[in-house]
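Novice: Turn these sequences into a full structure, and let the hints steer you where they fit.
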Amino acid sequence: MTEATPPPIPIRKRLGWTRPHRRDWPGLAAVVGVIGLMLIRCLVSFAPRLHWGSEPSVKDIGTMSLTLGPTGAAALDCLAVVVLGLSLWDAALHGRRVHGMLLLLWVGGAIAAGVQGARDMESLTIGGGWVGGLALGLATLHVAQRNEMRRMILAAVVALILPLSVGAIYQGTVQRAQTLRAYEQDKDEIMQSRGWTEESAEFRKYERRLNQFELTGRTGFSNVFGTMMLTLACVAAGVSLCHVRSRDRRGESQQVDSGSIGLPGTRSDGVRAILAGVLALLAGGTLILTFSKGALAACAIATVAAAAAWWVARRLGWGAWWWRFVGFAVLVVGVAAVLLRPQMMGASADGERSLLFRSMYWRAAAAMIREDMASLRGHVDRRDLRGVGGDVIGVGPGRFQQTFLIVKPENCPEEVRDPHNVFLAWTSTLGLGGAAWSVLLIGLLWGVGTNAARAVTSGRDPPPTNEVGFGWVLAIACVVAFGTQYAVEMRIFGLLGVVLLLMMGFVAMISATLIDVGRHENDRSRIIVGLAVPVVFVALLLLGAPEIGMWVIGAAGFVLIVGALARSARMDGQWVLIGLTAAAMGMLLHSQIEMSLTNATSLPLLIVVVGLAASGRLPDAKPKRMPIPWGAMVAWLIAAAMVLVLLIPLARQQWLLGRAADTYRAAQGLRDSEFGPVRDRWLGQADRVAADLTAAQAILVDPHVAQWLARIQMAQLRRRHAAGLITQEAWLEQAEAAIRPIRRLARNQVRPALMYHLEAELRADLAVDTRDLRQVEEAIGALKRMLLRDPYGITAHLDAADLADRLGRPGDARPWYEQALALSERAYLDTYSQLMGEEKARAVAGASSEPRTRSDK
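In this text, residue positions in the sequence shown follow our numbering: the first is 115, and each later residue adds one.
Because the hints were derived from the structure by calculation, they are not lab data.
Built from N, CA and C at the ideal position, the CB exists for glycine as well.
Taking CB as the label site, the calculated pair distances span:
hint, residue 1, residue 2, range
1, 564, 298, 52 to 62 Å
2, 218, 454, 33 to 43 Å
3, 842, 945, 45 to 55 Å
4, 395, 167, 34 to 44 Å
5, 950, 898, 25 to 35 Å
6, 433, 295, 50 to 60 Å
7, 167, 218, 32 to 42 Å
8, 407, 288, 22 to 32 Å
9, 942, 758, 48 to 58 Å
10, 167, 952, 26 to 36 Å
11, 945, 334, 22 to 32 Å
12, 942, 326, 14 to 24 Å
Specialist: So, in structure tokens, the structure goes:
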């Protein structure tokens, strides 16, 4: 008897455009937020500051025309906290577990980050990125307890490989060549604006990094991007292997759920296996092109460890404790490698120097933590001028580098902003709050072991479940993320952007049927047309506008891949969880020697993967009533209110800085004119710039803004005195008032070395102009205080000696020249940090009995 052909499934249901139940809206909104924010952070370029990081009129190096600044980043962090709240709401509505303890740990670290952020601008931007990234991880942990939500996020993680890899390869080849050509054309202007010479250490380091071919993505660091690629490669490999090893259960091919689009079958599984396998190879190839030895080693170690742990667990029946042991053992491998490197080979330039440098970073971070604990016990006076430690909430994310200059080993040639270890980074900068986040990360790793044990014991894939608004989630998340990327990178949205987004939505509508082509005759024409349009359009764009073509490839490919994978019941198979476990192990291992989990670009993706690996895979039972977790919700409300309170003044400050930068650029053409009306016009514009910068500083302290404010005020006073508008006594009095905030910032431990160096420069210029001997003494005193904050800085000692020589103080300059030469000899671990050429000759001459004097620097 011939079996009856099942009736065709309505296209609206097959595309996931069915209206979900109102109980599902919080969870769907949370999934949209997790996917959208993760994509934006990975694909869009962010700048720590858009204004006054350097002189506004200086031409930028590179091809990226526009980025998102601190306000955009803070807005995304606020949205991440909102997404976490939606995930908690969804868990309460569906009777899922709310991880209250992990949430309280997150709130503890968020409070410490908020307090530090209120102290200075840099700590706010770095700490805010950490708060938002961890919020996305906790949101994933809660919302991924539902299988359909879990599959959407997991498919998005795998599909992210295409736009990330394609974008990184394009950036490392085409855009890199454009950057090098632009640099060669403007090399002299760039060097002059930064005070570099051909032999200066800063210039040689910059050129070395510029000429290195290594893929970095939007992170700017090849090692961090390597961590992202190893994580994605392990996840994609697990997805591919799960579909290869899957077998249809008896009768499953005939029992098709009318709400499921990914129809089980060998043909669909084969397509998905090939698709995920190709993506895994693409991620692996991109990982190789990062030339990150640590990432490659971490990927190999984690893969072998996960495979061996699975084999032993299957043979011996060991459970969660075994997987937890393996996970923590992998972490210990990274820690042991760093600790044993100096013990085995000493501080030698031979062998692997990167691990030696990491050990130096760790020693410095440990010194900061010890000082914090001593301060907590009342054993250290926090008014100590050296300012080594912080307090119970650490030294601050934005102040790690300035503290590192004091406590780093003498032969360490680098000045890093991060200890390259996630636990030390959080604990040293946020104190007890960072320790709470470290416990949170360990708790997530504990959950990864539990889930891995469940994957081994379950052995069979769960049955397919009904899709809940899949089409809405995919369309909204992609339009938000890729629309933001297009608007930022292309600087315009316009009609072309609307057309592109509509085309991407059309591709999303037909993507879910691609793997089932042939099952329904009516779909063939739709699929052919749907594929032909983007293929022809991309071909035309690649010929005329390659940047937009790369964007279309990434966006359309992402939509197609998510549509193909998110409907598969195999996405909950044991090999997927094994792949997630290997990814979590490798990523956490590499984060012990790199700043992967402290980088704002990579943190959301990596912590989302950890959340997926740690989320409990619960059966799709009927939701039951559960008491509302009031404690967790109140803790979340506290953190959300704190983040919002910090966002408003930050946005105000950035608006003031932008207006000041525009006014400054408009006034540059009038700066050198001696014509009275033009000079007065320039002075008026300079007054407006100074007023805006002063107002911005009153909102949030930024040492770079303070530096430019003081320089502009001193230039105003010099012009007014030259025009006879003020007397010399008034000049000195007002100059003292302009310098006083700089010294106050230095005493408050806001980039003290930079602030004291700036004070010395300003007083030296004032001494030359006014012949005031008091300014000479004050400048020398500022230089001495600067060297207390940077006792091992080669450039710092050379600059101090040059300035003292310029002021006619050879007795002060000579020992500083000698110290610069001595420190240069000790910097044998990195020859690019040593003095060479004209700088070395000047130091040698200065250390002699008759130091050479330079008129300017």
